[in-house]
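Single-letter residue listing:
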Amino acid sequence: MNKKDNFVKGLIKENPLFVSLLGMCPSLAVTTSLENAIGMTLGVFFVLVLSNLIISLIMNNKKLAELVKPVRIPVYIVVIATLVTIVEMVMHAYLPSLYFSLGVFIPLIVVNCIILGRAEAFASENKPVDSLIDGAGMALGYGAAIMLISIFREFLGKGTLTIWGDLQINLAFIFNFLKIEPIAMFVQPVGAFLTFGLILAAITAISNNYQNKLAKEVKNNG
Amino acid sequence: MNKGLVSGLVLLSLGLLCGILLSVVNHFTAPKIKEVEDAIKYEALSGFYTLADYDISEVEGTGDFGTIFILNAKGTEDIQAIVYTVRAQGYSDSQKVEMLIAVNSDLSVENYQVVSHSETTGFGADIVDNDFNVLKIDDLSGFDAVAGVTKTSNAIKACFTLVSERIAADLGGGLSE
Chain A
1 MNKKDNFVKG LIKENPLFVS LLGMCPSLAV TTSLENAIGM TLGVFFVLVL SNLIISLIMN
61 NKKLAELVKP VRIPVYIVVI ATLVTIVEMV MHAYLPSLYF SLGVFIPLIV VNCIILGRAE
121 AFASENKPVD SLIDGAGMAL GYGAAIMLIS IFREFLGKGT LTIWGDLQIN LAFIFNFLKI
181 EPIAMFVQPV GAFLTFGLIL AAITAISNNY QNKLAKEVKN NG
Chain B
1001 MNKGLVSGLV LLSLGLLCGI LLSVVNHFTA PKIKEVEDAI KYEALSGFYT LADYDISEVE
1061 GTGDFGTIFI LNAKGTEDIQ AIVYTVRAQG YSDSQKVEML IAVNSDLSVE NYQVVSHSET
1121 TGFGADIVDN DFNVLKIDDL SGFDAVAGVT KTSNAIKACF TLVSERIAAD LGGGLSE
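Just so you know, the sequences run in chain order A and B.
Using my numbering, the first residue of the first sequence is number 1, and each one after it goes up by one.
Using my numbering, the first residue of the second sequence is number 1001, and each one after it goes up by one.
Since the hints were derived computationally from the structure, they do not count as laboratory data.
All figures in this text were calculated on a predicted structure; none of them were measured in a lab.
Certain hints may be false.
What the hints assert, rightly or not - SDA-like cross-link-like pairs, simulated, lysine to any residue; straight-line CA separation at most 20 Å:
1. B/Lys1151 - A/Leu108
2. A/Lys69 - B/Lys1041
3. A/Lys63 - B/Lys1034
4. A/Lys63 - B/Leu1012
5. B/Lys1041 - A/Pro96
6. B/Lys1034 - A/Met89
Said to hold, decoys possible - Here are some, though not all, of the chain A residues that point toward chain B, as calculated from beta-carbon distances under 10 Å:
7. Glu66
8. Lys69
9. Pro70
10. Val90
11. Pro96
12. Gly103
13. Ile169
14. Phe173
Think of the CB as a built atom: it goes at the ideal place given N, C-alpha and C, for glycine as much as any other residue.
Build the full structure now, drawing on both the sequences and the hints.
Have a look at this one:
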């Protein structure tokens, strides 16, 4: 697999949220606003890229890898937890509103299956540069997925899109035009599952359509 | 040497290395975090009282108490109110619930605010906005918890209890001793 494919696979083909269905719990909880999703993406990007790089560096050193192998999962957790704690401290100091908004889901990045999954499945068996690229692709794929969910949820639930701080797009005129109120249910947990399910259904339909088309072409070409 | 022991030592070394790294990061972020928390506290304090009407002094609390603000009538030694920063164990082991509780000299509760908690956004908003029905600090019988947020509600009640246990002594001059 070349570097470009390695990067792109996390965005679409192996998207951690929409394809592998990993890390769903925090993803559904924080997607009440686009700002939260962007903040979570930044945190996960930092942790995933660096944890992949560090773990790959450790496991590519033959002598060290032999010593670490029996305790590799605790080693991964120590590395990931350290990075998450750094994210938590920096966010608390410099982005307090985002820190309070994301709440318990920042420290919970430690147990996000995507990060531990990539460490065990990819970083431990591949070169540092490839692991770094894989981490970046997966983090961006995860970020794109939660941002997509949050756009739907915030727009339908509040009629706004909060990009960062006071930078907010007010789309209430659409609801005014339709003479309805924003559907508050979409910023509640039920709205998270509903949005996620509908997006998954759409993705599955598109994917099935594409595969049927491909099968027909193969059949026609003999 | 035993292979398992060596692996354990490697893990220990990594843990120490990470600990050092975190202490370095903490060295830079801790003052800024204190600044952020102080700003939140003073903002809350200004919502409780007109600060210009009082001489305010601060005492650093011990144990579960953080900064204690003593509000004296302008130019006098009369304590008009005390605002406590108090913490109690809530939902998360790593983060305690922190509250500001403002008590007047007649033991009436002027106001209170949850400064930090570890609840999710929805439950967090319920906790921050809730009226816990505490009018007098020496009478917590009417305390109203938030349904579904038991641990944090208990922590908030514990905060009020901690204040009620010491308020009489503090109003009697205990804080200046």
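Status of each hint after checking the structure:
Of the supplied pair hints, the one linking B/Lys1151 and A/Leu108 holds, its CA atoms being roughly 19 Å apart against a limit of 20 Å. Our distance criterion of 20 Å between C-alpha atoms is broken by A/Lys69 and B/Lys1041, whose separation comes to about 48 Å. For the given pair, A/Lys63 sits about 43 Å from B/Lys1034 by alpha-carbon distance, which is inconsistent with the 20 Å threshold. Annotation: proposed proximity of A/Lys63 to B/Leu1012 holds, straight-line Cα distance about 17 Å (limit 20 Å).
Pair hint B/Lys1041 plus A/Pro96 holds up; C-alpha atoms about 14 Å apart against a cutoff of 20 Å. Between the alpha carbons of B/Lys1034 and A/Met89 the distance comes to roughly 11 Å, so the proposed pair stays at or under 20 Å and holds. The interface hint given for A/Glu66 is met, as the beta carbon of that residue sits about 9 Å from the closest beta carbon of chain B, less than 10 Å. Nearest Cβ of chain B to the Cβ of A/Lys69: about 8 Å, under the 10 Å cut. The hint holds.
Given the 10 Å rule on beta carbons, the hint for A/Pro70 holds: about 5 Å separates it from the nearest Cβ of chain B. Below 10 Å, beta-carbon pairs count as interface contacts, and A/Val90 has one with chain B at about 6 Å; its hint therefore holds. Contact between A/Pro96 and chain B, as hinted, is supported at the beta carbon level, the nearest pair being about 5 Å apart and thus within 10 Å. A distance limit of 10 Å between C-beta atoms decides the matter here; for A/Gly103 the minimum to chain B is near 6 Å, and the interface restraint holds.
A cut of 10 Å between beta carbons decides the hint on A/Ile169: the least distance to chain B is about 21 Å, and the hint is violated. Given hint, A/Phe173 at the interface with chain B, is violated; its Cβ is 26 Å from that chain's nearest Cβ, farther than 10 Å.
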